[in-house]
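Here is how the chains run, residue by residue.
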Amino acid sequence: MEKVLSDKRIITLYVLPGLLLIIGLIYVPIIQTAYYGLMKWDGIGAKEFIGLENYKTLIKDDIFWKTAYHSFLLAVFSALSLIIYLLISIVLAGKIKGADFFRKIYLIPMLLASVAIAQLWLKIYHPTNGILNTLLGSFGVDNPPSWLADPKIVLYAIFIPILWQYAGFYILIYYAALKNIPESLIEAARIDGATAWQIALKIKIPLIMNVIKVTIVLAVVGSLKYFDLIYVMTDGGPNGASEVMASYMYHKAFRGFDFGYGSAIGFFLLVICLVVTWLIRKLTAAKEEITY
Amino acid sequence: MFRKAHTLMALLLAFALVLTGCSGKEAGSEESGSKKTIKFMHLWPAGSSKQQNLIVQDIIKQFEAENPDVKVEVEVLENEQYKNKIKVLSSSNELPDVGFTWAAGYLQPFVKGGLFTSLDDVLEGGLKDSFVPGTTEAYAIDGKTYGLPLELNIAPIYYNKEIFKKYNLEVPKTYEEFETIVKTLKDNGVAPIALGNKDRWTGSLWYMYLADRIGGPDVLTQAINREGSFEDPSLAEAATEVQNLVKADAFNKGFNGLSNDEGKSEFMNGNAAMYLMGSWELPNLTTNEEVPQEFRDNAGFFKFPTVEGGKGDIDSWVGGPGVGMFVSENSKVKEESKQFVKFFVEKWGEQAVTKAGVIPATKVDTEKVELPQLYIDVLNELNKSTNLTLFADVQMSASVAETHLNLIQSLFGNEVKPKDFTKQHEEALAKEE
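For the protein sequence lines, the chains are A and B, in the order given.
No gaps in the numbering here: position 270 of the first sequence is 270 in UniProt numbering, and each next residue is one more.
No gaps in the numbering here: position 46 of the second sequence is 46 in UniProt numbering, and each next residue is one more.
Incorrect hints may have been included.
[As the list claims (entries may be wrong)] The calculated BS3-like cross-link candidates involving lysine-lysine, where the alpha carbons are at most 25 angstroms apart (straight line), are:
hint	chain 1	residue 1	chain 2	residue 2
1	B	Lys431	A	Lys66
2	B	Lys112	A	Lys40
3	B	Lys128	B	Lys347
4	A	Lys60	B	Lys431
Don't read these hints as lab results, they were simulated from the structure.
Turn these sequences into a full structure, and let the hints guide you.
What follows is the structure, given as structure tokens:
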């Protein structure tokens, strides 16, 4: 086996299918997107090269920056929600009764398809028949808000299902990481008289720091390019009050027939995500790696 | 090392060729033996549009029987998927020989890209006269017609007779009477009008009617085709009237966050008294067995009332042709395809309304067909109509339509002043000139 794997030709042969798929399905389209972004193109007719014109429009496009702000808000909320998920996982990973049961409960939203989640929350938020407003009504609230129609509330109303959707995923990651910490370390700390709080803060969290960093990147980048629930639940409305960068890109390209501009937004979004990933890694870089 | 790089390059090239080979399927159609094949794509799957689907199959069967050397190959997709696939196919120049398209603004990029062929020669020889005036024109660009419309829709205000009777209300003739009805219903805790404005074109209907009744039939159309201006005072006045309705709580709660289907259900389950929608809803109010008989018996419609001092008359309608058929410019069986389209439109006109409840764009003789009364009434109104204004978002180019629809949502949400509403329209339209 060793001999086979040291043969460069074999290595090439084994790596090639995956490599070609990734190049063909991800990198080539990225380059194409960058190329289309330099064109004035309605998606059907001839392309006309206009250089960086699309990007100049983009920089001055107030609506784009508004959607960028919305995406940024979502990223902040997702990152903050990680703290709650971490707390929940620490409790679950401690030896409490029914931990297994709760872990499954938290994971279920992740197993649902986005569109199903959207339908579920559309019913919850329905202005007259929804669970939420019926509940508020029974508490005597006279005129409960129309959650998805009020431009001041809609963005936050839609953040809740988005965060809820991914809660299980992060809890699962943290849970697995926490379970990986050798019992002997915690045992030793306990003998030295550390409280549960101290153990969590000084031992458990530093030991899974690498995992936490990864989840921060996942949560932030995932939020910046977020699309599905927004598309299904509000379609970015009313009048762009819940529009994010990805849905704006979709609307420009596929509704407004402006594929050139849409591609420019898409490519810009990619650049933003790369920069943010790099920034987060830079900011969270550890001076020294902690190991068990 | 050098040789290895070569092998790698060769391998990569080979894979690249395989990949391109996959997508490089023969465009259009091929001749198999002596038989010619017409590729036909439509958007009525057997599941969701059963009646239409059956009619299409029937027409194809008849066509193949009459033209034994031609075969029609069908591909069916659901509406949204259809729209997406057409776009993808056209960017790679692989359109089917015959397919469905929408009018005016939607059609434009396809015609400019030289993808659809002119159907003027098909319309010659009497076919044009069988269409309701104004329908084929919606498919004309620079004097040439690129699509044959199959459907025609007008938008009446449907109302619930039972609710009207309960509060002693009568069908309004003037806008003033209409406002009184709204107020009465509101005071009695009934939502006057069902609206789902997440879809935005639903609110656009209300705005279009008010613009028509206040400013007359041409003002909106001319503002869009740039013979006039969107800053015409009557267009701002129509916007003000929309906001007055919103302020009077005329629409169901939270309409800006509800889809058309959710809005419609407020009317269908008797929570709301009125509903402005296209005549494609007629089957739900007459023949659809899934809707309770009692509700269907109580459904009526009236024409949008006239506004006092306004220039519009009550027989002017907002509406337009729905889908139409195109023939691909690059088709290898263009002649056969044109024949097929002509055959299809004629047969469709005979069957559509009686079998599927779809009002065809060709004229229907109401004396000769068996139909529910509500249909007969609508068809008769259609024959009396003085004007048909095509849906605003269809008239506009895609990007202006987006602006229009977003502004409609803001207008209904009281977030934009009528003056800014018209000004932003004018700017968007002027930019495209």
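Here is what the structure says about each hint:
1. B:Lys431 <-> A:Lys66: 22 angstroms, holds
2. B:Lys112 <-> A:Lys40: At roughly 15 angstroms apart (the allowed maximum being 25 angstroms), A:Lys40 and B:Lys112 satisfy the hint.
3. B:Lys128 <-> B:Lys347: 15 angstroms, holds
4. A:Lys60 <-> B:Lys431: Within the cut-off at roughly 16 angstroms; holds.
When each numbered hint is compared with the structure, no violation occurs for any of them.
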